[in-house]
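Participant: One-letter residues, chain by chain:
Number of protein chains: 2
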Amino acid sequence: MAEPFGIGLLGCGTVGSGVAKLLLEQPGRLAARAGRPLVLRRVVVRDPRKPRDVALPPGVLTTDLGEVLGDPAIQCVAELVGGTTWARQAVLQALAAGKHVVTANKALLAEHGAEVFATARRHGRAVAFEASVGGGIPIIAALSQGLAANQITSLQGILNGTCNFILTGMTENGSAYADVLAEAQRRGYAEADPTLDVNGTDTAQKLAILAHIAFGVDVLPSAIECRGIADMQQADLRFAQELGYTVKLLAEAWLRDGQLALHVSPVLVRRLTPLAQVRGAYNAIHVVGDAVGDTLYYGRGAGQMPTASAVVADLIDMAIGRAQRSFQTSRLWAGQEAGITLLPAHSVRSRFYLRLLVVDQPGVMAEVTRVLAQHHISIASVVQHESLDEHEGDTVPLVIMTHTTLTGHFRAAVAGVDRLPCVMAPSVYYPVAD
Amino acid sequence: MAEPFGIGLLGCGTVGSGVAKLLLEQPGRLAARAGRPLVLRRVVVRDPRKPRDVALPPGVLTTDLGEVLGDPAIQCVAELVGGTTWARQAVLQALAAGKHVVTANKALLAEHGAEVFATARRHGRAVAFEASVGGGIPIIAALSQGLAANQITSLQGILNGTCNFILTGMTENGSAYADVLAEAQRRGYAEADPTLDVNGTDTAQKLAILAHIAFGVDVLPSAIECRGIADMQQADLRFAQELGYTVKLLAEAWLRDGQLALHVSPVLVRRLTPLAQVRGAYNAIHVVGDAVGDTLYYGRGAGQMPTASAVVADLIDMAIGRAQRSFQTSRLWAGQEAGITLLPAHSVRSRFYLRLLVVDQPGVMAEVTRVLAQHHISIASVVQHESLDEHEGDTVPLVIMTHTTLTGHFRAAVAGVDRLPCVMAPSVYYPVAD
Chain A
1 MAEPFGIGLL
11 GCGTVGSGVA
21 KLLLEQPGRL
31 AARAGRPLVL
41 RRVVVRDPRK
51 PRDVALPPGV
61 LTTDLGEVLG
71 DPAIQCVAEL
81 VGGTTWARQA
91 VLQALAAGKH
101 VVTANKALLA
111 EHGAEVFATA
121 RRHGRAVAFE
131 ASVGGGIPII
141 AALSQGLAAN
151 QITSLQGILN
161 GTCNFILTGM
171 TENGSAYADV
181 LAEAQRRGYA
191 EADPTLDVNG
201 TDTAQKLAIL
211 AHIAFGVDVL
221 PSAIECRGIA
231 DMQQADLRFA
241 QELGYTVKLL
251 AEAWLRDGQL
261 ALHVSPVLVR
271 RLTPLAQVRG
281 AYNAIHVVGD
291 AVGDTLYYGR
301 GAGQMPTASA
311 VVADLIDMAI
321 GRAQRSFQTS
331 RLWAGQEAGI
341 TLLPAHSVRS
351 RFYLRLLVVD
361 QPGVMAEVTR
371 VLAQHHISIA
381 SVVQHESLDE
391 HEGDTVPLVI
401 MTHTTLTGHF
411 RAAVAGVDRL
421 PCVMAPSVYY
431 PVAD
Chain B
1 MAEPFGIGLL
11 GCGTVGSGVA
21 KLLLEQPGRL
31 AARAGRPLVL
41 RRVVVRDPRK
51 PRDVALPPGV
61 LTTDLGEVLG
71 DPAIQCVAEL
81 VGGTTWARQA
91 VLQALAAGKH
101 VVTANKALLA
111 EHGAEVFATA
121 RRHGRAVAFE
131 ASVGGGIPII
141 AALSQGLAAN
151 QITSLQGILN
161 GTCNFILTGM
171 TENGSAYADV
181 LAEAQRRGYA
191 EADPTLDVNG
201 TDTAQKLAIL
211 AHIAFGVDVL
221 PSAIECRGIA
231 DMQQADLRFA
241 QELGYTVKLL
251 AEAWLRDGQL
261 ALHVSPVLVR
271 RLTPLAQVRG
281 AYNAIHVVGD
291 AVGDTLYYGR
301 GAGQMPTASA
311 VVADLIDMAI
321 GRAQRSFQTS
331 RLWAGQEAGI
341 TLLPAHSVRS
351 RFYLRLLVVD
361 QPGVMAEVTR
371 VLAQHHISIA
381 SVVQHESLDE
391 HEGDTVPLVI
401 MTHTTLTGHF
411 RAAVAGVDRL
421 PCVMAPSVYY
431 PVAD
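Which chain is which? The protein sequence lines are A and B, in order.
Be aware that the first sequence starts at 1, since it is given in the numbering used here, and climbs by one per residue.
Be aware that the second sequence starts at 1, since it is given in the numbering used here, and climbs by one per residue.
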């Protein structure tokens, strides 16, 4: 067997402990798969006295990154700290010190991918990041290798387990947003501060990474239109169900005529499609390629061992030398692919779900549909019920499904509708997947 | 850019034409992904005058395998002929001539994998076979690379699009087996002679390949218990639906206490599980790993361009040099993994669906349940309806769902039940997935 492959771990929280467990508890399995032993040489942490989920051998734990950087027996660093401050510096230093880097850090890649990849190229090192999107699902490998013969034409991902858990709970149990969020926090599916999950930021970071790989576009998360689920109301989930749809927080990308549309939004998905069936804390990514047609990848998008599974797969790839070949060949974060431009949000064509709260009086439907017609919005269906419990009295919800339209036209129409005296509250709308 | 990577195609039928199309129509895309041009140098066919789906450049078509074997500008052969006679010889000769081999030939690998892989190792060449299972779904890469940190503990696959198309049609439209088969043939989803699809042989070959990769076991398709769908009756699909299940032809493998159970069979799958949602000619593979938990891979399992997508992904991997690294590290078809033995079929624990045709008279239920109890079979639920249309008069179907039991006990019980005078026809039974 070839010489050992030495690993330095940066961070020993949930995921780091999981990686350490696999390395320490399954040395035979991993050596067989990698063709050489994977040896955990150092674990860098901030507080060495903190209790951890794994029993590290004596002498492995350190607070000094220099002990990793200066150790010639460490070929690869696994960065599992997260964030873009210390982690960014540590990754750049590790590459400069001649270490390959495996990371689960979606924020780092989405925000500083160009810098990280350029540094790696300059030092002849490789970066692998399977764990950064979709947890244990091998979606990065599927896009960059398994589907390499294809031009990807669209992708739709459920990329945040917290949001999917909340939406599933709200849909299936009729619970309120705050109650399901509290349950997710009790179960460890949501952080104490869930902001970056529920406002869509986490999903947008992952979409930026997938868009780099699938379309070669250089896009920052901040440039992606993003709506989260924090203002999701029970009424809209119920109306969606009634219309044959389920609401999912999706990262979506479509390529048409050389223009790429990207967004993160709650979307109405037809109930019998595979994505609509993805429940609870699971993730799934639906990818369409021009040769392969549609494919789907499903699994746990977060959690200690699923994420560790992806990190260790990357470590094995590095030990084999496969990840280096992939990295050298790929042109990730190496500047914009010729010929693909970003489509501005207002030019994206979509169907829409629109819920209005209107006065229950004659002529309202005529007024609303007149404004929509002025903006060239064609109506596919209308549902008007009697008052919901929470809106007793003289207002009723009016739900309209549109045909495909330009987002810009649709938003202008909504603004117009909201100015009508018969419309009693700001309208709620979501895109509808084809 | 590095020197061109020369390819010789063996066979130019449906899949071969698809591969040739990708190579000829997307040279820029493929060169970018592979880091060097992929050049189609020769296509070996039996009859060069046969009309084909692709316009080959002059001089490429030949009937002489020697023109490929002797061409130093060809580094890799893609075998897309199928079968185990000419294809086997051609693959062995190509390896001996120093060519890497990409193949979509599941029968060749399942039956002669050991010989093919040993020959490749002897000559320092690599074999890649992503297209042999699951068409365009990158399941081979997922198992061997993406999930490399895991011990796979179970897998369940819908691996034959023809069978899934037939079962979906029978379930959703209430059609008879023969009618849906005829429709599948009209649509090109089933061959003129569908025997190897509908009797489960194709699925067993694919399971043998997956079992090699996931569990390191050396198993021939003939050693796998295999039932197809050719005798599937409408009544059982209907009863399954009523009980909350859908019937799928599954390849299944479970590892428990170092023993591996393998079979191919129609199985009752709970209707809300992801596998139950896989409709029509699609394939899907559900894989559970000890770190990653459960994952699922879904896509088109056959067809010209989906299969070509997988073949060309392998060609790109070869051009990059990644496939060679994978092949050198893997121990596929290199002898049985220590510690995993095959569990004999009678020792497999499972729940079962059992349909009896019984005389409609007092005491029948007591007789049947007495025989089951004698064989330690515990009953989970019973459904007895009035006579089906096709069984008018004095017989009625009796459907029993058992608790988990040993397959050997269950089969002995069924033999006992079938000997009862009140049981009017051989019983029908299927396993039920957990």
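Hints may contain errors.
[Said to hold, decoys possible] Per the computed footprint, the stretches of chain A lying under chain B, defined by three or more beta-carbons under 8 Å from a beta-carbon of chain B, are: (1) 21 to 30; (2) 33 to 45; (3) 143 to 149; (4) 254 to 261; (5) 296 to 306.
[Claimed, not checked] For each label pair, taking beta carbons as the anchor points, the in silico distance ranges come out as: (6) B:E191 / A:A192: 56 to 64 Å; (7) B:G28 / A:R349: 58 to 66 Å; (8) B:A96 / A:A73: 39 to 47 Å.
Hints in this document: simulated from the structure, not taken from any laboratory.
Ideal Cβ placement from N, Cα and C applies to all residues, glycine included.
Participant: Check the structure against each numbered hint from earlier and tell me which ones fail, lowest number first.
Facilitator: Numbers 4 and 7 - these are the hints that the structure violates, sorted from lowest upward.
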